[in-house]
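**Student:** Letter by letter, the chains look like this.
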Amino acid sequence: MTPMHDALSRRGFLERSAGNLGLLALGHLLASGRPAAAGSAGRIVPGGAVPTAHRRPKARAVISLFQHGGPSQMDLFDPKPALNRWDGKPYPGGDLEVHFNQQAGNVLGAPFAFRPRGQCGMELSELLPHTGSIADDITLVRSMTTGSVDHESALRILHTGRFLAGLPTLGSWVLYGLGSENENLPAYVVLADPGGLPVDGERNWSSGFLPAVYQGTPFRSGKTPVFHLQTPTGIPADARRNQLDFLARLGRHQAALHAPDNSEWQARIAQFETAARMQGAVPEVMDLSGESAATRRLYGLDHPVTAEYGRRCLIARRLVERGVRFVQLFLSGQPWDTHDKNAERLKGLCAMTDQPSAALVQDLKARGLLEDTIVLWTGEFGRLPISQGKDGRDHNRHAFSLWVAGGGFKAGHVHGATDEFGYQSVQDVVSVHDFHATLLGQLGLDHTALHFPHEGREASLTDAEVTGARPVPALLA
Amino acid sequence: MERARAHWAFQRLSPSSPPVSPGASRAPEATPVDRFLWAALSARGLGLGPLADPATRLRRLALGVTGLPPTPEEIEAFSADVRRDPAAADRWLERFLGRPAYAERWAQHWLDASGYADSNGYFNADSDRPLAHRYRDRVIASVRRDQPFDQWVREQLAGDELAGWKPGDPVTPEIRGLLEATHFLRNGQDGSGESDGNPDEVRADRYYALEACQQIIGSSLLGLTVQCAKCHDHKFEPFTQRDYYALQAFFHPAYPIDDWVKPNDRVVEAPLEGEREAWQVAEQRWAEGEARARADLTGWLAANRPPIEPRWEDRFDAPAGLAARWSDTAPGDDRPAGSPPVVLGGSTGPAARVQDGVLQLIEGGGPGDRWLCTRESFGWRPPEVGGWIQVGFDLVALQVGDAGGEAARIGYVLAARDFSDSGPVAGGNLLIDGNPGGPSAVHLDYPGPDSKSLGAIGGQGYRAGRRYGVRITRLEQDRFALQHQVDGLPDGKPLTLSAADLPDGGFAFEFCCGRSFQVDQVRVETSPRPGTAEGEAWKVHEQALAAEVCRRDERLAVLQAQRLPRPGRVAWVSDVRPTPGPVPLLLRGNPKTPGEAVPPAFPAFLGQGPETHPVAMPTPGGRSSGRRLAWAHWLTAPGSPQAALLGRVTVNRVWQQCWGTGLVETPDNLGLSGAAPSHPELLDWLAADFIDSGWSLRHLLRRILGSHAFHQSSAPRADGLAVDPSNRGLWRYPVHRLDAEALRDLMLAAAGVLDPKSGGPYVTTPRNGEGEVLVDESVPGARARSLFLQRRRTQVPTLLANFDAPSVVFNCTRRARTTMPLQALSLLNSDFTLRRSGEMARRLERESGPGEGARVRRAFLLACGREPDPVEAAASLDFLARQRGLHATDADPAYRALADLCQSLLALNDCLYLR
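Chains as they are written, first to last, in the numbering used here: chain A, 5 to 481; chain B, 5 to 919.
Next up, chain A with everything else stripped away, as it sits in the complex (with noise of 0.2 angstroms):
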């Protein structure tokens, strides 16, 4: 019996579940995440070599630039002619789902034109120009669906699988199930708005039942992007050091004193100096001034309008670069939620993400990292056909798009498809389930065996038996 394995059984919760993977994932992270072998097929686990994914993985590591609000399919992915016919008219599709029923209006055209772009033909609109130059880098998906026209329960539905509150997220799942390749930065980052928290808060990083280590651990812009990371102002480096050490050999005297064989005590020893590290490892993956003039274009960051989206899609990819097992990118509130001036401020938000998006694509793909990391570009829902008011669009919970590059997607494809006008997933439906499933598999994960004990009993992202979540293999290559 290894000493790992002994400190682990000594937990209650996780004694149940011994033998799982996530009693393996969880002692690798609480022996602080020794670096793994080289390569990125099958984490070792200190004590043994047992390989923490289910199935060979596709993936390593997962970037999702999140759109909040639920950005309009039909004028961004998803080409409508019918719309522009029966602008103004009523809908002839019977009862629409709204969310605010008080306001529902008639059909309302999508002005934007749509071209087929790269070799694959996808069409895109006119707004997203630089999304159409890595055309063949991704997949498309126009058939989504989710459960809820409610912001808050669509993103948990995206984030966690379910629509109520405080559950873990996917993030949260993928460190659980693949553990983390950096001891000296979290495995799970989030690189919030600097403008402010988006919808929902903290929440779309929480860990819920799984424990705590599987948060994501936001990076704030500015000089301290972690809590408490920086040794407070008025204690010399030297003072510092000497407590470390104070601490260090106290630690590993009382430990062999009374609980020598206690692995969770030699963790936190351990973690001091983790701790330590992390004061350099931080704020040197935050600092871009060693990339060239071309990254930095290519990104954006000589625009305003483009440079601090730019800038955090930059350091996800430097984040990736150093074994972050999961970034997550947000906006803040939820400004695709366009119930009001659609056509215009889409206009805006483009202009905001669509170059920095589509370079973060360009930038893993000429660093070979995109053949390993899954980038994901996604809102929580899509827009209705009619118009809200006079010029906006309500919440539709029945048809959205996203994609998806990297990590074994088939690129340069376009799945699925919506009705006429864009209001319904017609054909080859997908589930934010079915995608949750697909993605943890192209990580090497089972997302029927990534289960964790709670409620009395064996829960998981994706919940199978009760959403019927299943892998969609026409996604992948």
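Hints listed in this document are in silico derivations from the structure and should not be mistaken for laboratory results. Just so you know, even glycine gets a beta-carbon here, dropped at the ideal spot from N, CA and C. You may find that some hints are simply not true.
In silico EDC-like cross-links for lysine to aspartate or glutamate, where the CA-CA straight-line distance does not exceed 16 angstroms [unchecked claim]:
1) 239(B) - 462(A)
2) 543(B) - 388(B)
3) 239(B) - 469(A)
Now the stretches of chain B that chain A is said to cover, found in silico as 3 or more residues with beta-carbon under 8 angstroms [stated by the list, open to error]:
4) 117 to 131
5) 195 to 205
6) 820 to 826
Selected chain A positions facing chain B (Cβ under 7 angstroms, derived; list incomplete) [stated by the list, open to error]:
7) 154
8) 156
9) 205
10) 215
11) 231
12) 232
13) 242
14) 243
15) 251
16) 253
17) 258
18) 263
19) 265
20) 266
21) 268
22) 272
Put chain B on the given structure of chain A with help from the hints.
**Tutor:** Frame of chain A, contents of chain B only:
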């Protein structure tokens, strides 16, 4: 169902007697608990370990019972006591069980299990539950007087029905306690107060509150995952979908979906006799005192204000002159503001006219932003630092005529320049949203999507008969202070503005939202130039005024501190109607597909008893259906399988709190899908013994904490490691980390600054500008036990969250115990640990004298509950010496070194863990 009927947890209790002690020499104090443990261990060739050393035992007892560490004096006394008399430990246990801290600590455990939170959750707003603390305090009181747990459960489920009390009836302390107990049923998330979606969503939000209540009952009392049966028969448990709705039928009358009462309205006034009258008298006294303090200063101002020539003024003496000085546009704007614009001299809104010597602002004409603005433009940036410009008006009335009710806001605009908001002009259009109810919001560049909220100013609400306005004073570095004024006196804290916020522009009144009002004496004044006679007189006056304001504020603060909270407001649960409607089974759990009605009934796999516990009105003419009381009586019926289950669930959770792990590792699930108990006979014996003792928690703790097993060493032994490495058999004491609250409380206690506050409203834990959630050290109660900190679901104090304090979703029957670098960062760098380390160092200086050896010794006693061994003592002295050198440039190197030592000890495993 056959399996379910045979499942161990659903059986009546028929405990076997504790195995006869094998008489092994290593277990001299074989209590019943020891005998059960010993029997299981000896079957595997193992035994219990030797006693731990006295200091270690005392630390376990003190932290286990009270959640606070033993004092150095107690450590000394305990060691001496148990050396003299091995049975002395029991007397110490008794001493700890008698302390208020015991009640607080064990209340915290029940608050976890019952899902207590100070916020409603569900929606992002996570709105406040200002009265929830009464339930928290009621839990503490229940533990303190060792109320029989079955009675406590009945009170939480149906205290109102037990009391048979109606609003308006006389209230005794007992009755109020019963009403407060029902808050248990509203601990779940409830967004129905903010729900604003379509009717289906509103309905689903209501159901959620009821379902959360059921889920908490399931996991905290029944040890069952009832929520799975909401949509379908339970896959693993005998609990059917029909059982779920039959259970719902007991609680539905308190949460009737179609007769919904929002959370804020689920409040009842239940003041004790004389309490309300005493409060009213005190409030009257407070109001008079406040009015006097304010009037005194207003009088002083009237007598002492030097004369000043206004920069601009309108007394509204002539009806005809309005258009000459006022306009529907801003100075320089090319179009009227709004459509239709304000008609000057008109009588139908939107209009402005002079009537009886005052200006009437008459709202109307549909939605849209409109203003009445001065034709003159003013410079809002005073030229020299300390210079000011102020504008004010007499508020004559909050309405015009009788129509429309009083205005909800008195809006006015400074630096008005861009009414049409046609271009993205930044700055100006500074709207002050004068609020009758409290502070007034300030918006920059209003209206339009680029409008920005700057915060709020003032605090006294807008009332007719007083004078309101603002003063802008130039500060250093091109910044400006925006100060709210009432009757010419500063009101509340100022906001800071930049020069770009204050372009030249007019002064305007806002028309909006049916808010008509009347004003008079609009005056713009600027500070007299310094150096002039007028300027000097004003300088002297302003200094005198500041002193007078200070004096008044002190008077107000004293009065405010003496104010009593409104007595007797209780957030409770009671049936909305005595005769409830049908409760439908929801197909697939969906509120949109109701099925057949389900009457209240008990699940078939547990004991029946509608005959013995009839659903009946508790009192003739009462206001309740009696259903909840019937369910409570059923659950706790003596000798029944369900009471046995409640006993097992409770004993198991208590065991878990004592050892870190329960006899059943899944405290919220004792059903078929839960974990099997490690010691089934012990669990049943303890449950039976607990019930026989009158459901006494103190008795149960004496059984567990008085055992040899609890006092045995945690040291590893070869035989134990080989046979039972996970220590489920408890051949040694299991090392485990303290929970977040105990860690924070320990640091406060070690520092000697723990606030004895026990009860009352929570201590707020705001999120600071950086996003960190922490207690403001300057507020009262900042150093109170963690139990009294605000428990907002979305705002868990960062330090506590790092150590696995839950963000409460339903409830928390077991804490996670993670080990992660963020904890190390908190211990090394957080403001909290640095402050406590410094305070602890000062305490050592005070209490241990100048000798460093004595200081080190006491530091170890405070942090680790024991004396340092020679290696630690030497290492510590060496550390202090070296650290003094490294802090040589500091004003007090010895103190800094000592503080660093304290911080290190508080961060060590030997402090963070029980072993």
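**Student:** For each hint, tell me whether it holds in the structure or not.
**Tutor:** For each hint, the structure was consulted:
This hinted pair checks out: residue 239(B) and residue 462(A) have alpha carbons roughly 12 angstroms apart, not beyond 16 angstroms. Between residue 543(B) and residue 388(B) the alpha-carbon distance is near 14 angstroms, which keeps this suggested pair within the 16 angstroms criterion. Annotation: proposed proximity of residue 239(B) to residue 469(A) holds, straight-line Cα distance about 10 angstroms (limit 16 angstroms). Interface restraint, the region 117 to 131 of chain B with chain A: holds (4 residues with C-beta to C-beta distance below 8 angstroms; minimum three).
By the rule of at least three residues with a Cβ nearer than 8 angstroms to a Cβ of chain A, the coverage given for the region 195 to 205 of chain B holds, with 3 such residues. Evaluation of the coverage hint for the region 820 to 826 of chain B: fulfilled, as 7 residues show C-beta separations to chain A shorter than 8 angstroms, against a requirement of three. Restraint check, residue 154(A) versus chain B: the minimum CB separation of about 6 angstroms is within 7 angstroms; hint holds. For residue 156(A), the interface hint holds, since its Cβ comes within 7 angstroms of a Cβ in chain B; the closest pair sits about 6 angstroms apart.
A cut of 7 angstroms between beta carbons decides the hint on residue 205(A): the least distance to chain B is about 6 angstroms, and the hint holds. Against a cut-off of 7 angstroms between C-beta atoms, the interface hint on residue 215(A) holds, since the closest Cβ of chain B lies about 5 angstroms away. For residue 231(A), the interface hint holds, the least distance from its beta-carbon to any beta-carbon of chain B being 5 angstroms, beneath 7 angstroms. Interface hint status for residue 232(A): upheld, as the beta-carbon distance to the closest one in chain B is roughly 4 angstroms, under 7 angstroms.
Interface restraint check for residue 242(A): the shortest CB-CB distance to chain B comes to about 5 angstroms, inside 7 angstroms, so the restraint holds. For residue 243(A), the suggested interface contact is upheld, since its CB lies about 4 angstroms from the closest CB of chain B, less than 7 angstroms. The beta carbon of residue 251(A) is positioned within 7 angstroms of a beta carbon in chain B (closest approach about 5 angstroms), and the interface hint is therefore held. This hint holds: residue 253(A) has a C-beta 6 angstroms from the nearest C-beta of chain B, less than the 7 angstroms allowed.
The closest approach between the C-beta of residue 258(A) and any C-beta of chain B is roughly 5 angstroms, which is under the 7 angstroms cut-off, so the hint is satisfied. Contact between residue 263(A) and chain B, as hinted, is supported at the beta carbon level, the nearest pair being about 5 angstroms apart and thus within 7 angstroms. With its C-beta approaching chain B no nearer than about 5 angstroms, residue 265(A) sits inside the 7 angstroms limit, and its interface hint holds. Checking residue 266(A) against chain B: minimum C-beta separation of about 6 angstroms stays under 7 angstroms; hint holds.
Hint status for residue 268(A): holds, given a least beta-carbon distance of 5 angstroms to chain B, under 7 angstroms. For residue 272(A), the suggested interface contact is upheld, since its CB lies about 5 angstroms from the closest CB of chain B, less than 7 angstroms.
Checked against the numbered hints given earlier, this structure breaks none of them.
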